Amino acid sequence: MKTLRVPRSPKVVTGLAIVGFFIVLTVVGPWIAPDNPSSTAYPALLGPSAHHWLGTTSLGQDIFSQLLVGARATMVVAFVAGLVATLLSMTVGIAAGYLGGLPDEGLSMLSNVFLAIPGLPLLIVIDAYLPVNSRSNAFVIGLIISLTGWAWGARVLRAQTMSLRNRDFVEAARIIGEKRYRIMFSEIAPNLLPVLASSFLFTILYSVGAYVTLAYIGLTSTSVWNWGTMLYWAQSNNAPLSNEWYWFVPPGICIALVGTGLALVNFGIDEFINPRLRASGLSSKQRKERGLARRTRLGLTPVSVTRAPTPRSLQPNPGVAE
Amino acid sequence: MRLVTRRLGLYAVTAWVAVTVNFLLPRLMPGNPIQTLIGKLTGQVTPGEIRAIRLSFGLGFHQGLIAQYFTYLTQLLHGNLGVSITLGATVSSILRQSVPWTVGLIGVSTIVSFAVGTFAGTWLGWTRGSRLDSLIPTATFFQAVPYFFLATVMLLIFGSDLHWFPVLGAYSQNVTPGWNWTFVSNVIRYGELPVISIVLSSVAGWMLGMRNMMITMVGEDFVLMAVAKGLPRRRVIMHAARNAILPSIANLSLAIGLVVSGALLVELVFNYPGVGDLLLQAVLNEDYPLIQGIFLVITLTVLAANLIADVAYFALDPRTRTEVAT
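So the sequences go chain by chain: A and B. Heads up, the first sequence is in the numbering used here, so the first residue is 1 and it goes up one at a time. Heads up, the second sequence is in the numbering used here, so the first residue is 323 and it goes up one at a time.
Fair warning: there could be bad hints in the mix.
What the hints assert, rightly or not - Chain A regions said to be covered by chain B (calculated; three or more residues, Cβ under 8 Å):
1) 124 to 133
2) 205 to 213
3) 241 to 252
4) 257 to 267
Simulated from the structure, these hints should not be mistaken for laboratory data. None of these values were measured; they are calculated from a predicted model. C-beta: ideal position from N, C-alpha, C; glycine also.
With these hints in hand, go ahead and build the complete structure from the sequences.
Structural data, given as structure tokens:
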């Protein structure tokens with residue numbers, strides 16, 4: 001299997017750095033938090049200071065500690081949901097694309113139905129009926145979110161599988177009598193790795209949003225600290241309107257940063273899949289190094305490939321790739 | 323025609339799934355939420371009302387699940403969504419008041435967002451590799467912010483601090499609702515900030531999608547041909563954009579669900595009297611008939627919007643009209 005050559009564009013490097021930072025925070029957040037996030041030992045509504053970097057809530061809780069502790073719950077739920085949703089979309093998408101015919105009709109219908117139903121209202125309805133003790137369970141919530149978030153990936157994977165199913169290597173596997181599930185998961189799936197990765201990141205992005213939203217409207221247990229419950233408490237204490245920005249802005253920024261990081265990494269994967277996008281992501285200096293036109297010109301969008309040097313006579317005119 | 327029939331079939335099935343989910347959830351969820359609710363309400367409401375609630379969930383009939391299902395479907399077909407527990411009115415009459423606000427707000431926002439995003443994306447795709455590309459990370463950031471958070475920040479800065487826009491509600495207390503210019507202009511004025519915040523949250527998706535398709539299109543031979551013929555630049559861009567927009571429109575029907583999900587919460591932030599605000603109240607009060615009614619109405623509205631988007635796609639792309647296409 002080829003190693004993934006993620007283009008080293010500044011976008012991707014930034015994205016990886018941001019995502020990496022929050023993964024570290026997920027692990028160490030609760031350990032390095034200076035205080036117990038629920039302890040109400042301090043005066044209420046202190047502004048940011050050296051003792052309380054982000055001030056305190058109206059109950060006198062340390063906001064910085066809440067932010068650090070909340071990272072774990074938020075990321076764990078998003079990760080569980082992303083993982084389950086990707087497994088679901090992989091199974092449904094590849095099976096539909098490879099099997100074709102009636103199974104394809106059925107599975108495509110299933111994913112289209114889930115795409116057409118608006119996700120958040122469905123989540124809210126399911127969640128409203130959950131027993132209260134299940135609402136604090138990260139895995140239950142993760143599973144429900146994945147249920148509303150797998151369909152898009154399945155659609156993309158199905159399309160990609162259909163373009164692979166008649167390739168020679170799949171044909172060969174079929175002729176030597178490989179089992180169907182082996183062809184689907186050992187032959188086809190590895191070749192869909194970039195698409196799978198992209199859909200995994202996309203579902204995590206979706207799940208962060210969905211989880212935070214559920215928590216914000218008070219549908220998850222309000223005693224579990226995550227960035228959504230922080231916003232819930234800030235909102236219900238009117239923090240936005242009384243200018244207590246240090247209470248509600250930090251969790252929002254964190255959510256947005258995680259999302260931006262994931263999306264930037266996804267750009268890298270997109271550029272990997274579509275070489276035309278790759279060339280457009282290069283800086284002018286990099287482009288010159290690769291012998292591409294300084295400015296991409298019309299009709300000549302260069303396809304940037306790093307390949308072994310070709311003999312002088314075969315080298316294309318710089319800027320006229322293809 | 324086949325495409326439209328297929329899509330119609332899909333939406334019919336989706337509607338049926340939504341209705342069935344709605345029917346099964348309260349009956350099959352662990353912990354028997356309805357029984358808990360009735361236990362909580364006993365003493366607060368009259369026995370007659372409790373009986374009505376039990377009836378609306380099929381608890382009083384001693385029927386099997388299948389028979390209950392058909393009773394439920396019959397009631398739905400008559401437009402009977404049950405009675406709200408907290409508001410004491412029928413769910414359908416409550417929804418009739420709030421649905422137009424939501425459809426107006428989200429409809430306008432989606433159209434504006436799609437138009438702006440497509441134009442911006444066309445330009446970004448055309449001038450790819452230029453300094454304008456630095457807009458992309460910014461746009462991504464706005465896309466990653468939850469709708470409700472961006473709305474809160476906008477409300478604070480432009481509403482409460484700078485007083486550029488009126489906030490909270492859909493119209494001023496001082497005007498009486500009616501079909502006259504004073505009221506309509508007031509509604510528009512109050513809608514500006516919510517619309518702007520929904521557009522800001524959702525525009526990046528359209529923009530990036532369009533940009534990527536434009537970049538792919540610009541590499542195609544027909545664009546080169548158009549340049550070789552010496553067409554003016556504007557015509558060439560139009561030529562490429564017309565082809566690049568098709569995937570955007572094909573995705574439109576699927577993206578509507580996402581936009582609606584986000585925009586419902588914007589209503590909350592702005593106290594907009596639409597379905598989103600109602601849904602939150604219903605959730606907080608555990609008003610199950612209302613929650614279910616809202617879910618059903620939102621789903622059906624989204625499906626209708628999807629169908630419109632599909633018909634637009636069908637009208638714009640001649641390839642969908644040939645019978646060979648699948």
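Checked hints:
1. 124 to 133: holds (count 7)
2. 205 to 213: With 4 residues in contact (Cβ-Cβ under 8 Å with chain B), the coverage given for the stretch 205 to 213 of chain A holds.
3. 241 to 252: The restraint on the stretch 241 to 252 of chain A holds, since 6 of its residues have a Cβ under 8 Å from chain B and three suffice.
4. 257 to 267: With 8 residues in contact (Cβ-Cβ under 8 Å with chain B), the coverage given for the stretch 257 to 267 of chain A holds.
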